[in-house]
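*Asks:* Single-letter residue listing:
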Amino acid sequence: DIVMTQSPDSLAVSLGERATINCKSSQSLFYSSNNRDYLSWFQQKVGQPPKLLIYWASTRESGVPDRFSGSGSGTDFTLTINSVQADDVAVYFCQQYKTTPQTFGQGTRVEIK
Amino acid sequence: QLLLQESGPGLTKPSETVSLTCSVSGDPISGTSYCWGWIRQSPGKGLEWIGTIYNSEKTSYNPSLKSRVSMSVDRSKNQFSLTLRSVTPADTATYYCARLQDYYHSSGLPDHWGQGTLVLVSS
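Protein sequences appear in the order of chains Z and R.
Position one of the first sequence corresponds to residue 1 (the working numbering), numbered consecutively onward.
Position one of the second sequence corresponds to residue 114 (the working numbering), numbered consecutively onward.
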């Protein structure tokens, strides 16, 4: 199985500042036949299911604010939240959907300082 | 608007079989671009993919659960189901059903999730 490791486990940021979450996979998520990285990011608020934010490593899901951005390729990926809002308090997960079984990172909790 | 709603027994005893159903509204379950799956979440194991059922009714299961899991589809009711046999307290989790995008060379991207149903395994 591909192991997904996120860092940090939690971070506290001030309103309006930038939050950066890293995700590392134990194998490359890049598929050369279609030039895509099979990496997604989810946001989970308390008492809610995960919500898809980013897929193909950097494509924002419809309706997701543009302060959320994804980057990276191969085995190293980053989710950046520019100008953090109070509504962004949540746990964020990365996920690989290249191989079976698909696997998730352990989650990063974002709080307001 | 796509909505998924899980239903299940809530409390189950060890060694028993638990059956969960996902009712889908707003999208026919026979759509060719999608597949349907189950993912569970527990404090100890985090998010764990359980399995996926495709439009062809082919299934794919997590090897860690494969011997105890089966999935099926009822197109007449626009529902799909999960059966997990010989449960133990380690199977206690919130179980989510999800729609997955069936991309090329992919295990499927879950883009819509139900609210989840808690399954507690306890004697």
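Watch out, some of these pointers could steer you wrong.
Just the calculated beta-carbon pair ranges, DEER-fashion [said to hold, decoys possible]:
id, chain 1, residue 1, chain 2, residue 2, range
1, Z, S69, R, S235, 22 to 32 Å
2, R, S235, Z, S14, 25 to 35 Å
3, R, K126, Z, G16, 28 to 38 Å
4, R, R181, Z, S26, 42 to 52 Å
5, R, R181, Z, Q48, 40 to 50 Å
Simulated crosslink set (DMTMM-like; lysine to aspartate or glutamate; CA at most 20 Å straight-line) [unchecked claim]:
id, chain 1, residue 1, chain 2, residue 2
6, R, K158, R, D204
7, Z, K45, R, D224
8, Z, K51, R, D204
9, R, K179, Z, D66
10, Z, K51, Z, D66
11, Z, K51, R, D215
12, R, K158, Z, D1
13, Z, K51, R, D224
14, Z, K24, R, E161
15, R, K158, Z, D66
Simulated from the structure, these hints should not be mistaken for lab results.
Here a beta-carbon is modelled for each residue, glycine too, at the ideal position from N, C-alpha and C.
*Asks:* Does each hint fit the structure? Answer for all of them.
*Replies:* Here is what the structure says about each hint:
1. Between S69(Z) and S235(R) the C-beta distance comes to about 43 Å, which lies outside the given range of 22 to 32 Å.
2. For the hinted restraint 25 to 35 Å between S235(R) and S14(Z), the CB-CB distance of approximately 43 Å leaves it violated.
3. Hint check: K126(R) to G16(Z), Cβ distance near 51 Å, so the stated range 28 to 38 Å is violated.
4. At roughly 26 Å, the beta-carbon separation of R181(R) and S26(Z) lies outside the given 42 to 52 Å, and the hint is violated.
5. For the hinted restraint 40 to 50 Å between R181(R) and Q48(Z), the CB-CB distance of approximately 28 Å leaves it violated.
6. About 10 Å separates the Cα atoms of K158(R) and D204(R), which keeps this hinted pair within 20 Å; it holds.
7. For the proposed pair K45(Z) and D224(R), the alpha carbon gap of about 16 Å is at most 20 Å, so the pair holds.
8. Distance check on the hinted pair: K51(Z) and D204(R) sit about 23 Å apart at the alpha-carbon level, beyond 20 Å; violated.
9. The straight-line distance between the Cα atoms of K179(R) and D66(Z) is roughly 39 Å, outside the 20 Å bound, and the hint therefore fails.
10. Taken as a hint, the K51(Z) and D66(Z) pair is honoured in the structure, with Cα atoms around 15 Å apart against an allowance of 20 Å.
11. With a CA separation close to 18 Å, the supplied pair K51(Z) and D215(R) stays within the 20 Å bound.
12. Annotation: proposed proximity of K158(R) to D1(Z) holds, straight-line Cα distance about 14 Å (limit 20 Å).
13. Simply put, K51(Z) and D224(R) have alpha-carbon atoms about 7 Å apart, close enough for the 20 Å limit, and the pair holds.
14. For the hint pairing K24(Z) with E161(R), the CA-to-CA distance comes to about 18 Å; that is within 20 Å, so the pair holds.
15. Among the hinted pairs, K158(R) with D66(Z) is inconsistent with the structure: their alpha-carbon atoms are about 31 Å apart, more than 20 Å.
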